Amino acid sequence: MIPYDFEYYRPTTAMEAVRMFSALDGQGKSPHYYAGGTEIITLGRLNIVRTGAVIDIKGIRECQALEFAQDELVLGAGLTLTKLEDANPFPLLSKTASEVADRTARNQITLGGNLCGQIFYREATLPFLLTDSRVAIAGTNGTRQLSIHDVFNGPPRLSKGEILLNLTTSRASLALPHVSVKIRKQWKTGYPLITAAAVRMEDRIRVAFSGLCPFPFRSFAMEEALNERTFLAETRIERAILRLPAPILNDSEGSPEYRLFVLRNLLADILSEMEGD
Amino acid sequence: MHAVGQSVYRKDGWDKVTGTAVYTDDMRMAGMLHAALRISPYAHARIKTVDWEEAGNMTGVRAVLLGESAPLIGEEIRDRPPIAYGKVRYHGEPVAVVVADTPMLARDAADRIRVEYEPLPVLGSPSAVIQPGAPLVHERLGQYEVSPKIYPVANTNIANRTKIRKGDAEKAFTECEVTAENEISFSPSHHAAIETKCCIVKIAADGTVFIITSSQAPYMVKKLLSSAFGIEVGKIEVHTPLVGGAYGGKATIQWEILAYLASRAVGGKPVKLYYTREEDILTAPCHVGLDARVKLGCTADGKLLAAEMVYLFDGGAYADKSPDLSRAGGVDCTGPYRIENVSCDSYSVYTNHPYPGPFRGFAHSEVLFAFERTMDLLAHKLGMDPLELRRINAIVPGDRTPTQVLLNPSNVGNLPRCLERLEALMNWREGRLTRLSARKVRAKGISGIWKNSTIDPFASSGVLLLFNPDGSLNLLSGVVEIGTGTKTALAQMVAEKLKMDVGRIHVKMEVDTRTIPEHWKTVASRGTFMAGRAALAAADDLIRQLKDIASCVLRCVPDDLEVGGERVYLRDDPRTGLPFPQIVYGYTYPNGNAIGGQIVGRGHYILRHLTYLDPETGAGRTGPEWTVGAQGVEVEYDERDHTYVITKAVSVIDIGRVLNPKAAKGQVMGAMSMGLSFAGRETFEFTPGGIVQNPQFRTYRPLRFGEHPEYIVDFVETPQLDAPFGARGIGEHGLIGMPAALANALSLASGTNLNRLPLVPETIWRRKRASHDSL
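Respectively, the protein sequence lines represent chains B and P. Following the numbering used here, the numbering of the first sequence begins with 1 at its first residue and continues without gaps. Following the numbering used here, the numbering of the second sequence begins with 1 at its first residue and continues without gaps.
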């Protein structure tokens with residue numbers, strides 16, 4: 001039960017949505033873009049999300065894209081995670097996304113919602129960070145294409161009223177050797193203690209993380225340390241850990257010390273699998 | 001035709017599998033209002049001001065209730081204001097209740113109440129609160145009204161103390177050749193029934209209080225409301241439809257009191273109070289936590305001589321049921337073993353945690369975790385196989401329990417036989433520890449189990465059997481159908497007794513305290529025993545009446561008659577007889593004369609020979625029998641990551657007689673999964689300030705499908721002679737050895753002594769690191 005009333009809008013173009021947002025915001029309605037609605041419902045009932053109007057973006061064509069254009073894959077922000085898993089155009093994404101929540105929830109959770117939501121794990125971000133994907137963002141000045149790193153590497157940097165429309169990934173990078181590992185506090189359900197995804201590109205390993213810090217990230221500094229093949233794996237791992245972008249999370253899933261222990265083993269496994277030794 | 005021993009379908013099954021079963025929240029009443037709680041965000045704080053003006057002025061808000069100094073409520077100690085007054089003592093305690101036209105409005109208004117708190121020091125650990133000089137959770141403990149046989153200690157945080165003294169433990173320890181000592185600890189947790197707490201209360205113009213509630217104790221609701229608010233007990237009518245899981249969490253009275261106050265505040269209009277999951281976790285009574293110390297001593301060949309225990313049950317902010325929990329922990333303070341010298345001090349202590357209600361097993365899984373871990377330590381010191389240590393000390397008829405009850409072949413099951421079956425089912429002889437790969441090992445752990453039900457000595461149960469004109473029966477019992485299938489078992493017993501088809505016994509699922517005979521509380525695995533005895537007595541009563549009327553018509557003495565197949569007939573000439581429809585609503589002679597009338601069978605049962613415990617020695621009989629068993633767990637453990645999977649869980653329980661094989665297996669499997677979930681993952685994660693960090697299923701995660709091991713359930717049948725068809729209690733027992741068995745398996749696998757729950761990989765990693773550091 002959501003203990004407040006809110007208005008519902010369903011625009012059909014990105015521009016219409018952006019204008020609606022601006023107008024509703026001007027009326028003091030704290031509008032929220034709405035796709036799957038899982039966060040609005042579950043956080044709304046706790047008053048953590050409080051809004052006077054939601055703008056459903058699922059009717060916007062660009063948000064429903066699931067197609068190859070030339071040598072690039074375009075995935076709309078309004079696609080549900082299970083739709084992405086079932087269509088499977090991006091195997092690493094399918095793998096990472098399939099560990100989010102449970103099937104019933106993923107039937108609702110959208111790609112855009114997972115990337116832009118308040119619940120900070122945003123694990124579907126990782127495959128896009130690893131493949132240097134581009135994001136299409138609509139704002140009052142029209143639609144822009146930006147590197148994913150400018151917007152989703154770390155806490156999301158969308159301006160107020162901007163909409164994530166879709167993500168574009170090169171076809172070549174979809175076939176990179178990859179791993180995706182989600183380690184939970186216990187067994188098979190729960191948020192990540194750490195989720196890591198990695199690809200190998202021209203003998204270099206790329207790694208991105210969720211659950212380690214209160215945002216998903218891919219650190220080029222850490223990757224540099226991990227790829228210094230002149231050192232032993234253990235040394236590379238220790239040097240990479242020194243370059244973590246922020247202090248390690250401390251919450252009811254696990255302590256920072258324990259997450260660090262898990263991270264060391266996880267990185268050792270990733271290096272061993274990706275380097276084939 | 002036999003009904004007992006068959007896997008008959010549950011009488012509540014069709015409605016449940018088709019989704020049409022009705023629970024409390026499905027009920028509506030004309031003009032019904034809705035209540036919402038405002039709960040404390042602090043574990044301990046002074047309430048400075050409550051500003052409810054904005055909430056109170058909202059259109060559609062009918063009342064805002066704040067705490068008052070009286071009356072204080074509580075099952076054993078009257079220490080709890082229904083709505084916090086002056087102070088809050090736990091995270092989640094109700095601070096205000098709003099009544100409004102819609103649930104949404106009530107919630108919105110409750111959120112607009114502004115409460116100013118002044119935080120106070122938080123008492124979090126049972127071990128810390130009993131230290132001399134510890135701040136007090138209740139300064140006025142010495143002035144509270146207390147039930148008989150409860151022993152709070154004024155000016156301390158001790159809500160109750162149970163002393164068990166059998167033999168002379170101190171002296172016996174001097175004679176022991178091997179001893180083992182251990183300390184365990186775990187925090188409170190949640191019952192996680194799917195249906196959260198809910199009730200509707202209205203007060204009629206004549207003062208009758210009408211309640212629909214999701215409860216295991218509708219008759220207790222009636223009595224407690226009557227005594228707390230001075231309402232004539234006959235003017236309280238409590239209805240309980242099907243209950244969507246309870247596990248002890250619905251055996252205490254809390255939400256009914258809040259809804260009663262809410263209804264009273266709006267002139268008796270019907271008010272529904274429905275707990276959100278967060279409130280169900282935080283506000284409602286939880287599963288108790290425990291700190292414990294156990295010391296065991298034995299001869300060089302493993303014969304147990306002495307046991308000394310201190311149990312500190314985390315009674316939380318208010319006593320309610322925790323004095324009874326700590327007493328139950330004292331009564332069965334050891335595992336199921338022959339020990340001549342036992343000393344136990346079992347306390348319930350106040351803390352600033354949510355307060356506990358019963359939890360499936362009623363203090364037994366908790367105590368067994370402490371005791372059975374120590375048994376494994378002792379076995380290790382002796383260099384003896386842990387199963388062998390349990391076998392040679394297994395309690396048997398002729399032995400005495402810690403409260404000095406003499407056991408006989410009826411009041412205790414066959415533990416040696418259970419251990420023998422467990423040994424075979426777990427392939428124990430292949431070894432307890434097997435290397436599977438460079439990093440992985442397979443390990444096995446076991447636990448002995450037993451449980452006596454420490455319920456009130458005057459607890460009774462009644463059953464009515466009413467005939468329908470076609471000769472079928474209606475069975476009325478005050479047992480609440482909480483998912484255990486007990487009412488189906490009662491129908492099976494009556495069918496067996498009357499030699500009729502169980503399909504012809506119709507069971508009233510809903511309880512209505514005004515028309516249905518009382519069953520004390522649906523707790524403690526007592527349904528089949530007590531209500532079963534009452535049902536059999538009611539069936540005997542029916543048979544007597546059937547024979548009486550048939551003997552008139554057939555012109556014979558009642559002794560010549562038999563009942564079966566819905567007929568009454570001559571024993572020596574079965575063709576001569578009367579079908580039920582001709583006599584159960586009276587018999588009409590061919591000329592129109594009639595005799596008799598609707599036949600009503602009445603039966604009741606009260607537990608016999610129960611006594612209070614001696615305050616100095618604990619001697620006394622708190623329940624009729626001990627169900628015993630042996631359980632085991634097999635894990636595959638990763639030595640590098642300290643992660644593990646539970647591959648197998650085994651239970652062998654002596655349940656006296658299997659009444660319904662599949663239902664019994666289901667009860668045991670369900671209980672085992674709950675035990676593993678508690679042991680492996682479930683706990684409240686407290687901050688140092690006593691705030692529960694995980695009051696949602698996002699972060700509080702019971703076992704899910706895909707995480708279950710293979711369950712193996714086997715039964716031994718040693719009849720309890722005074723129980724219906726010899727059946728022993730079974731509702732809880734599958735749970736109680738699981739935490740100890742899992743911890744024993746993982747302690748072996750990890751090579752370290754694991755004494756904290758839950759057993760998440762981080763717990764094991766910490767323990768490994770600490771033992772590594774100490775070397």
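If you are wondering where the hints come from, they were derived from the structure by calculation, not from laboratory data. Quick caveat, the model's predicted, so the values are computed rather than measured. One should not assume that every hint holds.
Here are the simulated EDC-like pairs of lysine to aspartate or glutamate, each with C-alpha atoms no more than 16 angstroms apart in a straight line [said to hold, decoys possible]:
(1) P:K499 - P:E566
(2) P:K768 - B:E275
(3) B:K188 - P:E707
Among chain B residues calculated to face chain P with C-beta under 7 angstroms, some are [said to hold, decoys possible]:
(4) M1
(5) N47
(6) S98
(7) S170
(8) R171
(9) Q186
(10) N265
(11) A268
The beta-carbon is built from N, C-alpha and C at its ideal position, and this holds for glycine as well.
Verification of the hints:
1. Taken as a hint, the K499 of chain P and E566 of chain P pair is honoured in the structure, with Cα atoms around 8 angstroms apart against an allowance of 16 angstroms.
2. For the proposed pair K768 of chain P and E275 of chain B, the alpha carbon gap of about 30 angstroms is over 16 angstroms, so the pair is violated.
3. Distance hint between K188 of chain B and E707 of chain P is fulfilled; the C-alpha atoms sit about 7 angstroms from each other, no more than 16 angstroms.
4. Because the beta carbon of M1 of chain B sits about 6 angstroms from the nearest beta carbon in chain P, less than 7 angstroms, this interface hint is met.
5. Proximity of N47 of chain B to chain P holds as hinted, the smallest CB-CB distance being about 6 angstroms (cut-off 7 angstroms).
6. Taken as an interface hint, S98 of chain B does not check out: its beta carbon lies about 13 angstroms from the nearest beta carbon of chain P, beyond 7 angstroms.
7. Evaluation of the S170 of chain B hint against chain P yields a violated restraint, the C-beta minimum of about 35 angstroms exceeding 7 angstroms.
8. Given hint, R171 of chain B at the interface with chain P, is violated; its Cβ is 34 angstroms from that chain's nearest Cβ, farther than 7 angstroms.
9. Taken as an interface hint, Q186 of chain B checks out: its beta carbon lies about 5 angstroms from the nearest beta carbon of chain P, inside 7 angstroms.
10. Because the smallest distance between the Cβ of N265 of chain B and any Cβ of chain P comes to about 6 angstroms, under 7 angstroms, the interface hint for this residue holds.
11. Interface hint at A268 of chain B: violated, since its Cβ lies 9 angstroms from the closest Cβ of chain P, which is beyond the 7 angstroms cut-off.
Against the hints set out earlier in the document, violations occur for numbers 2, 6, 7, 8, 11.
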